[in-house]
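Asker: Chain residues, written in single-letter form:
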Amino acid sequence: MSTEFEPNVVAFLCNWCSYAGADLAGTSRTHYPSNLNVIRVMCSGRVNPLYVVNALQQGADGVLVSGCHPGDCHYMEGNFYARRRFTLLRELLEYVGVEPGRFNMSWVSASEGAKWKDVVGEVTKKAKEAGPFKQFRRAKINW
Amino acid sequence: MNNKPKIGVYVCHCGVNIARTVDVEAVREFASRLPNVKVVRNYAYMCSDPGQLLIRDDVEKEGLNRIVVASCSPRMHENTFRKTLAAAGLNPYYLEMANIREQCSWVHEDREEATAKAKKLVYAAVAKARLLEPLYEKEVEVEPASLVIGGGIAGIQAALDIANAGFKVYLVEKTPSVGGRMSQLDKTFPTLDCSACILTPKMVDVANHPNIELLAYSQVEDISGYVGNFDVKVRKKARYVDVDKCTGCGICAEECRLKGRIPSEFDMGMGKRSAIYLPFPQAVPAKYTIDPERCLYLTRGKCGKSPKCADACTAGAINFEQQDEIVEFKVGTVIVATGFDTFDPTRKPEYGYADYDNVLTGLELERLVSASGPTGGNIVLGEGENAFVPKDIAFIKCVGSRDKSVGNEYCSRVCCMYTAKLAHLVEEKIPGANVRIYYMDVRAFGKGFEEFYDRVRREGIRYIRGNPSEIFKRGDKLVIKVEDTLAATPLEDEVDMVVLAVGLEPRKDAREIIDILRLSQSADRFYLEAHPKLAPVDTATDGVFLAGCAQGPKDIPDTVAQAKGAASSALVLLSSGKVKIQAQISFINENTCRGCGYCVEICPYGAIELVTISRMGNPVQVGRVNEALCKGCGACAAACFSGSAQQKSFMDRQILPQIAVLGVMR
Chain A
1 MSTEFEPNVV AFLCNWCSYA GADLAGTSRT HYPSNLNVIR VMCSGRVNPL
51 YVVNALQQGA DGVLVSGCHP GDCHYMEGNF YARRRFTLLR ELLEYVGVEP
101 GRFNMSWVSA SEGAKWKDVV GEVTKKAKEA GPFKQFRRAK INW
Chain B
1001 MNNKPKIGVY VCHCGVNIAR TVDVEAVREF ASRLPNVKVV RNYAYMCSDP
1051 GQLLIRDDVE KEGLNRIVVA SCSPRMHENT FRKTLAAAGL NPYYLEMANI
1101 REQCSWVHED REEATAKAKK LVYAAVAKAR LLEPLYEKEV EVEPASLVIG
1151 GGIAGIQAAL DIANAGFKVY LVEKTPSVGG RMSQLDKTFP TLDCSACILT
1201 PKMVDVANHP NIELLAYSQV EDISGYVGNF DVKVRKKARY VDVDKCTGCG
1251 ICAEECRLKG RIPSEFDMGM GKRSAIYLPF PQAVPAKYTI DPERCLYLTR
1301 GKCGKSPKCA DACTAGAINF EQQDEIVEFK VGTVIVATGF DTFDPTRKPE
1351 YGYADYDNVL TGLELERLVS ASGPTGGNIV LGEGENAFVP KDIAFIKCVG
1401 SRDKSVGNEY CSRVCCMYTA KLAHLVEEKI PGANVRIYYM DVRAFGKGFE
1451 EFYDRVRREG IRYIRGNPSE IFKRGDKLVI KVEDTLAATP LEDEVDMVVL
1501 AVGLEPRKDA REIIDILRLS QSADRFYLEA HPKLAPVDTA TDGVFLAGCA
1551 QGPKDIPDTV AQAKGAASSA LVLLSSGKVK IQAQISFINE NTCRGCGYCV
1601 EICPYGAIEL VTISRMGNPV QVGRVNEALC KGCGACAAAC FSGSAQQKSF
1651 MDRQILPQIA VLGVMR
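Line by line, the protein sequences are chains A and B.
Sequential numbering from 1 applies to the first sequence in our numbering.
Sequential numbering from 1001 applies to the second sequence in our numbering.
Don't take every hint at face value.
As the list claims (entries may be wrong) - Some residues of chain A that are not near chain B, with every Cβ distance over 12 Å (derived): (1) P33; (2) V41; (3) A55; (4) L56; (5) Y81; (6) R90; (7) E91; (8) E99; (9) E122; (10) K126; (11) K128; (12) E129; (13) A130.
As the list claims (entries may be wrong) - Using C-beta positions, here's what the derived DEER-type ranges look like: (14) A:E122 to B:S1048: 43 to 49 Å; (15) B:N1589 to A:P70: 30 to 36 Å; (16) B:L1534 to A:A114: 20 to 26 Å; (17) B:R1594 to A:E122: 36 to 42 Å.
Note that these hints are calculated values from the structure, not bench results.
C-beta atoms are modelled at their ideal positions from N, C-alpha and C, and glycine is treated no differently.
Okay, chain B solo, but in the shape it has when bound:
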């Protein structure tokens, strides 16, 4: 094919949007004298059907092979005109746009200046268009399976949706059971549904679903590859219990020598468990796990004469020889639903969480009011003879949220409502209790929230506006020092129990997933979505989606909605079976590459690797771009010492003429 550039330049009036400040006829006349330009036309609306037809006709009749459209921003209509070129039988990447609207006619008032600038921009576009090369979008197959990281309600919902659509799901959960934070809750606001009652059926579904492979007590070690083709490596940690044999009867835990001596994570350290344990009664899978850091036999090599759990297990499921196992599989999409940590209130020492037993966090109170909790659902503080039921109870809101001093500027979104819910539960469980809530603002924004807040206030719970400055002990009582800012009165409030409504924070191990998947964090340190409004479940990595509190604090309805969104986004890829990958990506000239590997280091996507090729019979190392991984940022092209790495459509030899035109033309 004769590839001598024959350029068509189309100057758009955009009604009067451009024509009012830019003399389009002068631009047309100017462009007609530029090198390689064969056709120049003005038209009122280039993006309209007749406008596009103009281009198609000229391509056919005049044999044009490069098109320059001087109109609006390429961010607006580049795709429109690419399609026009394709319809005209031209490669869609033979298009260059000159932005003479957003960056010219709309921002300049002087007609002469604007026209002069439009000429320059058109010339620069022509200079680049002469050197454009055809590009081809490649398609890759999508592996019809998905990885879901995190077995909380977000991960469970996403996994179920994808599995129900008929695709394989690998659900990886770090702890011995799925369920996550929601399983620790007693009731859920604002409807007061029993958390376990609505969650447990879903947990069981996940375990029994034919399309879901549940990898509990497992950790993602590595993910490589690209959208549609991720290679996943998961470490299944040794439970020291043969899950095929374990019946979940629990005799082992009864017999364990450390029974009732290890703080239970599930009960926030308030309940006690054995070294061999089921995290909570409804755990899924209902298989016991030996805590390798606590078990006497595993830590000291000796547990009496013989480990009592092994002696007691009639199924012979205990296996101290078990090793971690690495599982490898391939998936097309990944959903990150790793959840959150609660704020550690010892970082607000003025609230005395570390000093006083009767200062609790919201989640700790949650376990106390739960029928499956350490006290069987009775709110009792202290132990043995000192046990008592608190009567004067205060909640403090926004602990670790909306607080620049601890680096959390954001609102955690759930504390206002969980405080209201817990206050209600306390009133219900302790007749005559005197409950007050110290708050900065009450944010009751969700469906049914305001109504619930209203109900709680009508039940006699007092809301006092003020941010306590200090908590200290006076006799048996805790004293809250605070100013009631509505009454402008300083108070010293004596109470039996203080509940800190701690906020939500990114998980302490959030970095692990960032390193594995190259995710970004927003300013609040949660995982960053691709666009805050229009791509809230996508990430900058194609094929990787976010669900739940890993992306930012949310309540259960929002988490479930986002999980369903993430599942649907994953399903778009899975069900179409194919994905188009970027055409304007980098490539490396293997004849000139010196194999220094600088591009390998600089590539944010790990898309370049060094390979050995034969150059005149000698083995040499050169960089090679994995076209599926490359996103086309061009970082390698800017870094390459020899100019071997280039970005398609943004090559040095295409950009330098633009620079020259803009530099020279006055």
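Bound conformation, chain A alone:
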């Protein structure tokens, strides 16, 4: 393995759009970096902002929340809630000194496999540039 820093990114994907888009990227055999690991939730509106902070505490160098395009939410309004919450969280994270590149949001539909590949590339690149994240790291893993 190379000694170059490889970031660890945790991603929360909604079942209906982004997770399906990520599946499509696989079905179409696109290739992207393996730094990002996905947790499936039913809706981006399910993602508690604390999950993001928690991921950063547990060792993630970057976090992504991805849902349906605004207006296309399977649950009508979930991604609007997500958008509001995470706009706020992003500002808070920036305020406490977390590099903006560590936290990302994207809208990827079930038909946008190619976009998913781009998103993963972009998010991984940003996390890589930001470097290892230690500020929030817990001394002891806690679940």
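Chain A is already provided as a structure; the job is to place chain B on it using the hints.
Answerer: Frame of chain A, contents of chain B only:
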């Protein structure tokens, strides 16, 4: 039952799909060292019968009580393996899948990287699987009745199909008569069937059907409940005419002091009616209605010495004391068939619709050519001495469609063909008429459309490609300024009459139904279907279906087909009598809930309500989830301040371990 987790992990090769890039043996070996894992196996195709049998045998012999399958996407085979668990006697929700194909082996090339990622994903799945809880799908009964909103051809067809299958239908129509837009048409393309001739029998069927309760001149006020059990509230507006007594003779309208002075909606304002009226001769029900905004007696409290309609009615049907009536009933399914509005051409001021009398819309010309229309089917413009028959006639297509400047990017699908039909009718009615059509494209896509378009051109109607920029008046003539883009020639075309082929738009009152049923709109503002291809009549709300132009512009055959589709979807629920509801839904811990009500506000489905319970003898408010309404989005769980609201299978304590694994493992 001893519920200490005993996890079986099954790593699938998927032939070589996974095994080529992921070292499945290394993953197996890794998984065998994870906490609570009792059995780990590799197999070529886990989804095959022998693969599934492997799981069943292990559950039986090893006493496994949680299963992790590392294979393809859960969107692919979650249901397959849930069934395997059920067959093995396990609760089907004791399953967690690790997606090591679509999101691992297929997207990574480096075997080492892919294997490392597969290990992480398996570990995260195991971490969650340890904490899974059994879930049970509930069944609710379906009320054997259906509500159809809108009495146009879509609503009529859907209502008839459901009623013919033996179920009760409530058909609610806002205006005094069913029939909708189709009843305003003279002929229908491409066959030139007389619209009234094919529609009227269906309208009569609807009124006479023993299973259909027709609520005309009524509006849906409120719908609550959930699939199978909707409570509906309908306002029957006062007609001021006792429908049981009214014989539809029409003497009242003859006598009305405002006779011939009120623009008729049915005739697009070109014909005139009385304040007491039947919208059109074939109206169903054939009962008169008093227009409360026009009637002298109702607006001013005085109509001569006494209202002439009441004096004239021999049946004594006029009743000025009548009040709106609220009707309440229960249905299992709802079909929304509310139709469309035509584009208002005053939003394209360059076409002079507001300025010149001789600029008409397609629907207005439709009324002029109709034998039941204001001119008895003669195309005559102007009134009295100034009346004349137009000779030079131009149609302009795509008015309000395919036009970003008015916010309608979509094609209205019917204008090309109704223009061709009207052009044909004009040629037929005005011998020697000179008809031309200005167009962007001609879209003749349906059965018999191209043939009809061809026929119309052979009849001598000229198609000129160009989008007119302006219409103005010169003497008695209207001048169309346009470039013939095929000949690259600017033209000024002098005509007697311009017909704007206006497009279809969502109804101006579309919002009312959205608020009542929580429907979504697509980008074009029509109601959004659940899936554009595979669920075109369903909506995101279970038990609510769409039919006709409420979902998007369509012609009559497509509308009828969709209405039949919606009826059949509704009948699936009605005839099975039972419906399964989602198991992965939210719940609220009433011991910790503080009753703030934030979840009530945030729930997109109105599935949570505050109830008062007794906590240590004190009454406190807590949120409670209506399990039939909840769709399992988890918005409440993310919003809850105290962690009392949780989503089953996606609880905080199930997701946090996943986060920890993915965070810690490098």
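Asker: Hint by hint, work out which the structure violates, then give me just those numbers in ascending order.
Answerer: 1, 2, 3, 4, 5 and 14
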